[in-house]
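Chemist: Residue numbers (the numbering used here): 135 to 872.
Calculated from the structure, these hints are not laboratory results.
From a predicted model like this one, the values you see are computed outputs, not experimental measurements.
Misleading hints may appear alongside valid ones.
Unchecked claim - Pairwise CB distance ranges, derived in the manner of DEER restraints:
#, residue 1, residue 2, range
1, R164, G356, 43 to 51 Å
2, A682, V706, 29 to 37 Å
3, F465, A731, 47 to 55 Å
4, A615, S655, 36 to 44 Å
5, Q386, A663, 46 to 54 Å
6, P687, R818, 22 to 30 Å
7, F402, A718, 48 to 56 Å
8, V346, F220, 26 to 34 Å
9, R164, V620, 41 to 49 Å
10, L155, T353, 35 to 43 Å
11, R344, A682, 33 to 41 Å
12, P469, A682, 55 to 63 Å
Ideal Cβ positions, reconstructed from N, Cα and C, are used throughout, including at glycine.
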Amino acid sequence: MAAPSRLRLLAQGAAALGLSLALFSELFERPFATGFGDYQFFHHSWELGQVALSRYGELPLWNPYQCGGIPEWGDPQSQLFHPIYFLTFVFGSTLALKLFILLHAAAGLAGMYRFARSEEGLGPAAAALAALVFTGSGFFAWHVGSGHGGFVAFYLTPWLLLGFRRALRDPRWTALCALVFALALFAGGVYAFPYFGLLLGLDALLALARRVEPRKLATALGVSALLALLLSAFRLVPIIEHLLWYPRLRPQLDVISLPELWGFLTHFDRAADLVQEPGHPYARVEYGAYVGAGVVLLALVGALATWRARLRLLVPLLLFTSLALGDLASFAPWPLLRRLPVFGSLQVPSRFLFAVTFFLALLAGAGLDWLEARAAERGWLQRLREHAALAPWLLAAALGAPVVLQHRAVLDGHWQSAPLLAGSGGHYHLRDVAPPKTPSPYPPRAQAPTDEIGSGWCYTGMGYGPAPGLWPGDVDQARVAPLGSVVTEGRSTRAAFAEVVLPIGGRVVFNQTYAPGWRASLGDVAVDAGRLAVELPPGTHRVVVRYAPASLPWGVLGSLCGLAGVAVLLRVRDGRRRALALAAGAACAVACYGRAARPGPRLPPERPKLALAAGASDYAERGQNDWYRAENAVDGRLETEWLAPPGTKGWLDVRPEKPLSVRHVVLVNATNPPHGDFGSRQVRVESFREGQLVESRELTFTQQNAGVSLSGVVVDRVRVSVETWQGVGGGLAEVQLW
Numbered sequence: 135m136a137a138p139s140r141l142r143l144l145a146q147g148a149a150a151l152g153l154s155l156a157l158f159s160e161l162f163e164r165p166f167a168t169g170f171g172d173y174q175f176f177h178h179s180w181e182l183g184q185v186a187l188s189r190y191g192e193l194p195l196w197n198p199y200q201c202g203g204i205p206e207w208g209d210p211q212s213q214l215f216h217p218i219y220f221l222t223f224v225f226g227s228t229l230a231l232k233l234f235i236l237l238h239a240a241a242g243l244a245g246m247y248r249f250a251r252s253e254e255g256l257g258p259a260a261a262a263l264a265a266l267v268f269t270g271s272g273f274f275a276w277h278v279g280s281g282h283g284g285f286v287a288f289y290l291t292p293w294l295l296l297g298f299r300r301a302l303r304d305p306r307w308t309a310l311c312a313l314v315f316a317l318a319l320f321a322g323g324v325y326a327f328p329y330f331g332l333l334l335g336l337d338a339l340l341a342l343a344r345r346v347e348p349r350k351l352a353t354a355l356g357v358s359a360l361l362a363l364l365l366s367a368f369r370l371v372p373i374i375e376h377l378l379w380y381p382r383l384r385p386q387l388d389v390i391s392l393p394e395l396w397g398f399l400t401h402f403d404r405a406a407d408l409v410q411e412p413g414h415p416y417a418r419v420e421y422g423a424y425v426g427a428g429v430v431l432l433a434l435v436g437a438l439a440t441w442r443a444r445l446r447l448l449v450p451l452l453l454f455t456s457l458a459l460g461d462l463a464s465f466a467p468w469p470l471l472r473r474l475p476v477f478g479s480l481q482v483p484s485r486f487l488f489a490v491t492f493f494l495a496l497l498a499g500a501g502l503d504w505l506e507a508r509a510a511e512r513g514w515l516q517r518l519r520e521h522a523a524l525a526p527w528l529l530a531a532a533l534g535a536p537v538v539l540q541h542r543a544v545l546d547g548h549w550q551s552a553p554l555l556a557g558s559g560g561h562y563h564l565r566d567v568a569p570p571k572t573p574s575p576y577p578p579r580a581q582a583p584t585d586e587i588g589s590g591w592c593y594t595g596m597g598y599g600p601a602p603g604l605w606p607g608d609v610d611q612a613r614v615a616p617l618g619s620v621v622t623e624g625r626s627t628r629a630a631f632a633e634v635v636l637p638i639g640g641r642v643v644f645n646q647t648y649a650p651g652w653r654a655s656l657g658d659v660a661v662d663a664g665r666l667a668v669e670l671p672p673g674t675h676r677v678v679v680r681y682a683p684a685s686l687p688w689g690v691l692g693s694l695c696g697l698a699g700v701a702v703l704l705r706v707r708d709g710r711r712r713a714l715a716l717a718a719g720a721a722c723a724v725a726c727y728g729r730a731a732r733p734g735p736r737l738p739p740e741r742p743k744l745a746l747a748a749g750a751s752d753y754a755e756r757g758q759n760d761w762y763r764a765e766n767a768v769d770g771r772l773e774t775e776w777l778a779p780p781g782t783k784g785w786l787d788v789r790p791e792k793p794l795s796v797r798h799v800v801l802v803n804a805t806n807p808p809h810g811d812f813g814s815r816q817v818r819v820e821s822f823r824e825g826q827l828v829e830s831r832e833l834t835f836t837q838q839n840a841g842v843s844l845s846g847v848v849v850d851r852v853r854v855s856v857e858t859w860q861g862v863g864g865g866l867a868e869v870q871l872w
């Protein structure tokens, strides 16, 4: 087929953009209104990127505005690194997100038309019908139009197969395959990326069955895979890393019967249909895939009449239909596929309907061409004379119009939520630390980043939760323990700082959830009740913590290698130099993904637990209650205490669960209800290693807490002796080793 002229390509692009605007006109009726359901999450994320880049001059690698802080770079659904995202700085985040959807839909229409014409040999009317049915199907209306923003990546399906089939003839087209994989991942295509791999592998097997030269097939497949891994590294490396830290398993079962599938493909949906599907665990948004009964029947005609020539469409249609039917039996395709890495973290088998609608649309186009050919053979079109050429277009319009109307009906009213509000950029604080008693099914309000208000509860697809120790309110976002004070503190999106005074050393605790990748300018990063903390020596310090994952440079390196590989592929003709460049790219991929597969520990080691060692002296009020027993001094709870018997010198032997380098011993004075606190005196702290005394210090309580510094020698036991004062009271609420 002759290549289209530049003018024709421009006309096709304009037509695709116009049809996309007809499908998604709901988005622009109220230009600054935000989207329904999960789109609040995406609006929230897009606004985060604008705040990070424009207000703080930082890459949006971390989102401090939900979950008490959550990795944005490792979130598979993040769209902040897609090239189109930077329209945000021209139109604002709301309009840019809408243009992001519109441009993907236009790419889907143009790509499907081009693929149908050049690779499947369909006529203009048939190709136009296939493009409109695929792009306007209920699958995209529900998913892309109603909250699942990452599903825009599925619009790139025809470009993937177009690139691969042409790569069998010219290896340079592997660059298009790789680019589709990368753009899908950068668009938040957590499902599209692995499903595209499955689609490409199946098309390769069908090419092998057609006796395509194995060498050409191996080259196209291998080079496509290598370049895809390299170009996608900036997103794929952190995603793999975070899936290893926070596994995501979805054991939910679902089965679709064939009559139900017929209904999902032919039921004219409306926005009001967003209710849980009877007999299924999910709402209509997961099952709607309208193409219309006429399109399905026309596809059946195309399949039956041209099956020998359309095996490349029929085989994947049957396979993806069986996958979409879900958990039919333990040996069904979906349960078997879910045993593989990555696929076990995905849910809702009906999401394979993207491929079902794709191949149905192409077969419907084949059916239209077959009808047109039969009509021409039998002279039916001769009666129309000069209007005969319009007949297939009229049939295509008749079948495509309900698809457009259904798409618009699904979106009706789904883009009328409150617009984003410009915030003051005031002092950051957490609004809440847990879901409300009646949790909303939707994410935190989309304008949170502009107001500098965070939320302690999560709305994320990652296996990630908030720290249990977060505190809410417009208060200081850094605290010290056990003794000391915070002079000043503050934060940006991916960094925080605090100036603290620590008379005996200790830790500064930041009011955010810990995740791997945080680094401190001073001291050692630690975890405190799930929060980010830093261990510091005695003195006055300014400590800065910054989110800078160790895998960040590897992700950057991988994508740069990918760009270099594409440049070599397109510009270098010499086969030997190409082979050397690909070998270097393979080495780069091994290095980058090898780093992702070794992410290190998810959490720094927690402070060793303490227990009584050789024991303790007697305690007050034995037999009356358990308020004052010795074990209470090492249980980590300030409200439980140990109180020595009145008029005596009590002692505790404390042992860490393993030998520990002790730099500080902190004692929390008992308050001794109901007696009142009469204090303790002549407190002695002694450390031992294998029964030998290492150090001895004395101290006096002048306030609720007191502490002594030791040399940091590794010890296995610490004895604390306390003399009670004035005959009653005297004891400890807690002993802490630092």
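Chemist: Within 35 to 43 Å or not, the Cβ separation of L155 and T353?
Modeler: holds, 40 Å
Chemist: Taking the CB of V346 and the CB of F220, does the distance hold inside 26 to 34 Å?
Modeler: violated, 40 Å
Chemist: Check the following: the C-beta atoms of A615 and S655 are separated by a distance inside 36 to 44 Å.
Modeler: Because 19 Å falls outside the window, the suggested range is violated.
Chemist: Can you tell me whether the CB distance of R344 to A682 sits inside 33 to 41 Å?
Modeler: violated, 50 Å
Chemist: At the C-beta level, are Q386 and A663 separated by a distance inside 46 to 54 Å?
Modeler: With Cβ atoms ~31 Å apart, the hint is violated.
Chemist: Do R164 and G356 keep their Cβ atoms within the hinted range of 43 to 51 Å?
Modeler: At roughly 48 Å between Cβ atoms, G356 and R164 fall inside 43 to 51 Å, so the hint holds.
Chemist: Would you say the C-beta atoms of F465 and A731 sit inside 47 to 55 Å of each other?
Modeler: With Cβ atoms ~31 Å apart, the hint is violated.
Chemist: Could you see if the CB distance from A682 to V706 stays within 29 to 37 Å?
Modeler: About 36 Å separates the Cβ atoms of A682 and V706, which means 29 to 37 Å holds.
Chemist: Given the hint of 48 to 56 Å, is the C-beta distance from F402 to A718 inside that range or not?
Modeler: Since the Cβ atoms of F402 and A718 sit about 54 Å apart, the hinted range of 48 to 56 Å holds.
Chemist: Return holds or violated for the Cβ distance of P687 and R818 against the range 22 to 30 Å.
Modeler: violated, 51 Å
Chemist: Okay, P469 versus A682 on CB: inside 55 to 63 Å?
Modeler: violated, 41 Å
Chemist: R164 and V620, beta-carbon distance inside 41 to 49 Å?
Modeler: holds, 45 Å
Violated hints, in rising order: 3, 4, 5, 6, 8, 11 and 12; the structure is consistent with all others.
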